[in-house]
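Student: Residue numbers (the working numbering), protein chains in the order written: chain A, 1 to 288; chain B, 1 to 288; chain C, 1 to 288; chain D, 1 to 288.
The hints are simulated quantities; they were obtained by calculation from the structure and are not laboratory data. Treat each hint with caution, since some may be false.
Same chains, same label: a pair holds when it works inside one copy or across any pair of copies.
Unchecked claim - The calculated EDC-like cross-link candidates involving lysine to aspartate or glutamate, where the alpha carbons are at most 20 Å apart (straight line), are:
1) 113 x 252
2) 113 x 259
3) 187 x 167
4) 113 x 136
5) 187 x 160
6) 32 x 78
7) 283 x 214
8) 113 x 251
9) 211 x 233
10) 250 x 116
11) 283 x 252
12) 211 x 45
13) 250 x 64
14) 250 x 39
Number of protein chains: 4
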Amino acid sequence: MDNSDPSPEYTMVISSPDRSGLVAAVASSIAKHGGTLVESHNHTDHQHQWFFMRNVIGGAPSFDRESFCKDFSDIAAEHAMEWSLSDNDTPERVVILASHASHCLADLLYRWKAGELRCAIPCVISNHENLRSMAEWHGIPFHYVPVPKTDKREAFDQMEAIIDRHDADTVVLARYMQIMPPHLCDKYARRLINIHHSFLPSFIGANPYQKAYDRGVKLIGATCHYVTTDLDEGPIIEQDVVRVDHSNNKDDLVRLGRDVERSVLSRGLRYHLERRVLVHGNKTVVFT
Amino acid sequence: MDNSDPSPEYTMVISSPDRSGLVAAVASSIAKHGGTLVESHNHTDHQHQWFFMRNVIGGAPSFDRESFCKDFSDIAAEHAMEWSLSDNDTPERVVILASHASHCLADLLYRWKAGELRCAIPCVISNHENLRSMAEWHGIPFHYVPVPKTDKREAFDQMEAIIDRHDADTVVLARYMQIMPPHLCDKYARRLINIHHSFLPSFIGANPYQKAYDRGVKLIGATCHYVTTDLDEGPIIEQDVVRVDHSNNKDDLVRLGRDVERSVLSRGLRYHLERRVLVHGNKTVVFT
Amino acid sequence: MDNSDPSPEYTMVISSPDRSGLVAAVASSIAKHGGTLVESHNHTDHQHQWFFMRNVIGGAPSFDRESFCKDFSDIAAEHAMEWSLSDNDTPERVVILASHASHCLADLLYRWKAGELRCAIPCVISNHENLRSMAEWHGIPFHYVPVPKTDKREAFDQMEAIIDRHDADTVVLARYMQIMPPHLCDKYARRLINIHHSFLPSFIGANPYQKAYDRGVKLIGATCHYVTTDLDEGPIIEQDVVRVDHSNNKDDLVRLGRDVERSVLSRGLRYHLERRVLVHGNKTVVFT
Amino acid sequence: MDNSDPSPEYTMVISSPDRSGLVAAVASSIAKHGGTLVESHNHTDHQHQWFFMRNVIGGAPSFDRESFCKDFSDIAAEHAMEWSLSDNDTPERVVILASHASHCLADLLYRWKAGELRCAIPCVISNHENLRSMAEWHGIPFHYVPVPKTDKREAFDQMEAIIDRHDADTVVLARYMQIMPPHLCDKYARRLINIHHSFLPSFIGANPYQKAYDRGVKLIGATCHYVTTDLDEGPIIEQDVVRVDHSNNKDDLVRLGRDVERSVLSRGLRYHLERRVLVHGNKTVVFT
Numbered sequence: 001m002d003n004s005d006p007s008p009e010y011t012m013v014i015s016s017p018d019r020s021g022l023v024a025a026v027a028s029s030i031a032k033h034g035g036t037l038v039e040s041h042n043h044t045d046h047q048h049q050w051f052f053m054r055n056v057i058g059g060a061p062s063f064d065r066e067s068f069c070k071d072f073s074d075i076a077a078e079h080a081m082e083w084s085l086s087d088n089d090t091p092e093r094v095v096i097l098a099s100h101a102s103h104c105l106a107d108l109l110y111r112w113k114a115g116e117l118r119c120a121i122p123c124v125i126s127n128h129e130n131l132r133s134m135a136e137w138h139g140i141p142f143h144y145v146p147v148p149k150t151d152k153r154e155a156f157d158q159m160e161a162i163i164d165r166h167d168a169d170t171v172v173l174a175r176y177m178q179i180m181p182p183h184l185c186d187k188y189a190r191r192l193i194n195i196h197h198s199f200l201p202s203f204i205g206a207n208p209y210q211k212a213y214d215r216g217v218k219l220i221g222a223t224c225h226y227v228t229t230d231l232d233e234g235p236i237i238e239q240d241v242v243r244v245d246h247s248n249n250k251d252d253l254v255r256l257g258r259d260v261e262r263s264v265l266s267r268g269l270r271y272h273l274e275r276r277v278l279v280h281g282n283k284t285v286v287f288t
Numbered sequence: 001m002d003n004s005d006p007s008p009e010y011t012m013v014i015s016s017p018d019r020s021g022l023v024a025a026v027a028s029s030i031a032k033h034g035g036t037l038v039e040s041h042n043h044t045d046h047q048h049q050w051f052f053m054r055n056v057i058g059g060a061p062s063f064d065r066e067s068f069c070k071d072f073s074d075i076a077a078e079h080a081m082e083w084s085l086s087d088n089d090t091p092e093r094v095v096i097l098a099s100h101a102s103h104c105l106a107d108l109l110y111r112w113k114a115g116e117l118r119c120a121i122p123c124v125i126s127n128h129e130n131l132r133s134m135a136e137w138h139g140i141p142f143h144y145v146p147v148p149k150t151d152k153r154e155a156f157d158q159m160e161a162i163i164d165r166h167d168a169d170t171v172v173l174a175r176y177m178q179i180m181p182p183h184l185c186d187k188y189a190r191r192l193i194n195i196h197h198s199f200l201p202s203f204i205g206a207n208p209y210q211k212a213y214d215r216g217v218k219l220i221g222a223t224c225h226y227v228t229t230d231l232d233e234g235p236i237i238e239q240d241v242v243r244v245d246h247s248n249n250k251d252d253l254v255r256l257g258r259d260v261e262r263s264v265l266s267r268g269l270r271y272h273l274e275r276r277v278l279v280h281g282n283k284t285v286v287f288t
Numbered sequence: 001m002d003n004s005d006p007s008p009e010y011t012m013v014i015s016s017p018d019r020s021g022l023v024a025a026v027a028s029s030i031a032k033h034g035g036t037l038v039e040s041h042n043h044t045d046h047q048h049q050w051f052f053m054r055n056v057i058g059g060a061p062s063f064d065r066e067s068f069c070k071d072f073s074d075i076a077a078e079h080a081m082e083w084s085l086s087d088n089d090t091p092e093r094v095v096i097l098a099s100h101a102s103h104c105l106a107d108l109l110y111r112w113k114a115g116e117l118r119c120a121i122p123c124v125i126s127n128h129e130n131l132r133s134m135a136e137w138h139g140i141p142f143h144y145v146p147v148p149k150t151d152k153r154e155a156f157d158q159m160e161a162i163i164d165r166h167d168a169d170t171v172v173l174a175r176y177m178q179i180m181p182p183h184l185c186d187k188y189a190r191r192l193i194n195i196h197h198s199f200l201p202s203f204i205g206a207n208p209y210q211k212a213y214d215r216g217v218k219l220i221g222a223t224c225h226y227v228t229t230d231l232d233e234g235p236i237i238e239q240d241v242v243r244v245d246h247s248n249n250k251d252d253l254v255r256l257g258r259d260v261e262r263s264v265l266s267r268g269l270r271y272h273l274e275r276r277v278l279v280h281g282n283k284t285v286v287f288t
Numbered sequence: 001m002d003n004s005d006p007s008p009e010y011t012m013v014i015s016s017p018d019r020s021g022l023v024a025a026v027a028s029s030i031a032k033h034g035g036t037l038v039e040s041h042n043h044t045d046h047q048h049q050w051f052f053m054r055n056v057i058g059g060a061p062s063f064d065r066e067s068f069c070k071d072f073s074d075i076a077a078e079h080a081m082e083w084s085l086s087d088n089d090t091p092e093r094v095v096i097l098a099s100h101a102s103h104c105l106a107d108l109l110y111r112w113k114a115g116e117l118r119c120a121i122p123c124v125i126s127n128h129e130n131l132r133s134m135a136e137w138h139g140i141p142f143h144y145v146p147v148p149k150t151d152k153r154e155a156f157d158q159m160e161a162i163i164d165r166h167d168a169d170t171v172v173l174a175r176y177m178q179i180m181p182p183h184l185c186d187k188y189a190r191r192l193i194n195i196h197h198s199f200l201p202s203f204i205g206a207n208p209y210q211k212a213y214d215r216g217v218k219l220i221g222a223t224c225h226y227v228t229t230d231l232d233e234g235p236i237i238e239q240d241v242v243r244v245d246h247s248n249n250k251d252d253l254v255r256l257g258r259d260v261e262r263s264v265l266s267r268g269l270r271y272h273l274e275r276r277v278l279v280h281g282n283k284t285v286v287f288t
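Taking the hints into account, I'd like the entire structure generated from these sequences.
Tutor: Following this line, the structure appears as structure tokens:
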């Protein structure tokens, strides 16, 4: 990821009703403003007659973001497009919520440090203290917000305040074992990412590894998804599995599952940060 | 699989409460009778205190099956073992039930002809006529048994008669879309193998590909399992998955799923025929 | 693949030096002629400054192929594009060459019959007689062309004549174990597809499974590639692997490898027939 | 891995010429001394007539290690067995050599801290300073041993002294980019583990990702192997691959490869530490 080329690039995503000529309209507008398509994906969902597009636009200095956006607004309005254009040099701000388990947080911090994740991590929030030194060794502030068994409202208010104070674009639940209250699911819709420790929709709810062990499945998995108020039912971003057999007891499943969880969460977050994920209804288009 | 060595081999499987010394007792008995362990697997389920063993025994002509079995009966009785010893040169008799879809039947017949499946296939039964020529080209009798929408009893009686007349050891539901009546599930317990077109326990029941498409999963799969009276809940023998994405419509899932179904069923049946699958409770031990 | 919509679709592929505005130019031209983008992929190889695009175009009856092609020729000339537009309803003609092994041929014929491969198969050619009945049961003429150990020229001349008489667009070597003479590699360049029974570039040349067994690798694979005069060095279309372990002897590797070979060849051919594969230098772009 | 049961377990590995009755002899001897088989694997290589066995033995306090070993020596001598029995509570001492790249070291340290690797890590040695703080944060001493371009002898002498002073059982090359001198390969034979950043035997030598990119392969991989004096030719312990496509440039391959490297190395080391890996000739038996 050595970015020796200093010229800025932008990522544009579009979601709209499908019509004839949309690729032409978008690409022509970009070309007219001197932009180049570094990368361009599109997809038409023929069942729902919906169009999705993602463009990475280069071409500076000839390409001027502001004048392009001004012009493009008319095209977008004409075609009822939901769209955005973001500067690739302005990383998203990602607040990570963790609990006691370290594997997902450790992996995210490792990849962030290695430059694999295009984001800033303004802070880590946890209801346990044990991951503080890991966060702080990476130079990231750590906030301890204990969550009582009953009446969790104050704790979630406190977290919300921290998240907002840090100006988070995205919130990641890195095996944060608390159920998010509905008003936060709504407030952070499409920006709140969870890793579920099963291959959804198998083993919805608690203790999926125990359930998988009891059922005798031959593969276990993990699911990265956007959180909605329907528990474990939000749009799926990424999934993967690993093979297990009769010789693996429940502890083995937990151990093997950790590897799948952390890689699925990291991939899912990476796709999200690079704006490769477009949500429509309860499903995602992921341009990889 | 060219078996230039004509000396017979036997496959012995054992399932029993776990005790100290079981491997020693079994292996010593085999050695005492001049048998050699061509292959030997064992597993202890420490949670349920249960012991599983599979041995492929060679050593002819010194190893005499009958005298071994006579002696071993005492050991088995002493340790409360459920056990069997079968001659690898006596293939199982497998009756295949198919419906309209050809992919699983085609794959099984191809592998049988290629010598990959250690079995005889005395007949194929179907509630449609369209696969007759495929079966007959392979030299296998085909029985057409239509199943009416209501009052299916007579049809299932007819099938049962055919299965029994052909002296079937194992019955395979190769995408046979009818639900087996409970009395046949019981009669053919642990000998009735189904391929379910989803990664169970996801998408139990009908139309799993439509459900998978609607849910937006990123992997689809198939499950080979023994049939029990609990629909889609029997012991799982084998599973596998394939990656899909937003560009795959429901027809694509069906097409991609066919490949997983046929390979999972073929592997599962292969394990079963080679007596690699031991059932305990609702789970399997598969010695691969 | 039930194609209830009778309106024609076209697949257009483009390969050209990269320039600004290519997507806009192509998409605008299609839109101008009333075409719709059923599917559209593009890729820029920034290292080689090369542009690749594949469009599936609908839009009949407003879209007229001839007038579009006439107009597009000017655009193509201006941008030095290599391009083609083919009618999806006109299947390619694929001649299959096989030897003694049945697995790849059986799989291709099965998929062709199931409607998974968009092609006609005018004939099968083999240097053995054993696969005749399989081809003929599928209704496909079979030509037996024995290849002597020395002086194979006449045999290859005969094959060439058959291939050309059948007007083949594509020739598939379905585990055809003879090395194609250079003049045929050149004549059928980018239309001659082979399946190699190893994960290239591992184990180039003969007996890859023996070599894999001797080396003790933990995965074996297969490679589908275009044939060039450099043996086993042509552009790779598709590859896959399967896990093996110490318990697998060489015969097991051959058996497990057959499954990978047939699925890799079928996928590779499918991509080729749907014009998803664009070759540049010795590499491929595969739009899946 | 919470080991609430304090009774000791032992791992026994055996490698010997194959003979009839070996499993019986070993299992009977263990049973006679009151040992139980917590886990037991064996394998016969019929081609080389060689026998391999691994037993995890419990049964304390009745099982006495010393008296068992004394008795078993006679059996071992009779059957020309190479064997060992180690206490599972005495972790191996693993010295890790790293260079500039952090991913493998980070993963090993993470897993060690998480209790996934049954070992002590007395120190990390590197020819760069940049990983010092990572090692030291984990509480592990870090030794900086620069290696000059020419005349590396003194550096390797220094490393050897550190390794020996720390009483290392196993030495891991965690992307240590220096070629080990032959006398150290011999000295640490079967105890010196490397991760090679390709799917061997593809792309032997330097710059495998560049070579993979240039060849246009569709999967890249990594190989964990014991180091011998034949560079990249030692016995393979574990391998894995990940899918890539035309959209991945060389930097992407490096990034994707890092994930495969670290998981393959961690799995390989885990198998080694649990004595699941038996070497015979240039191949391994891995009892997983």
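Student: Which numbered hints does this structure break?
Tutor: 13
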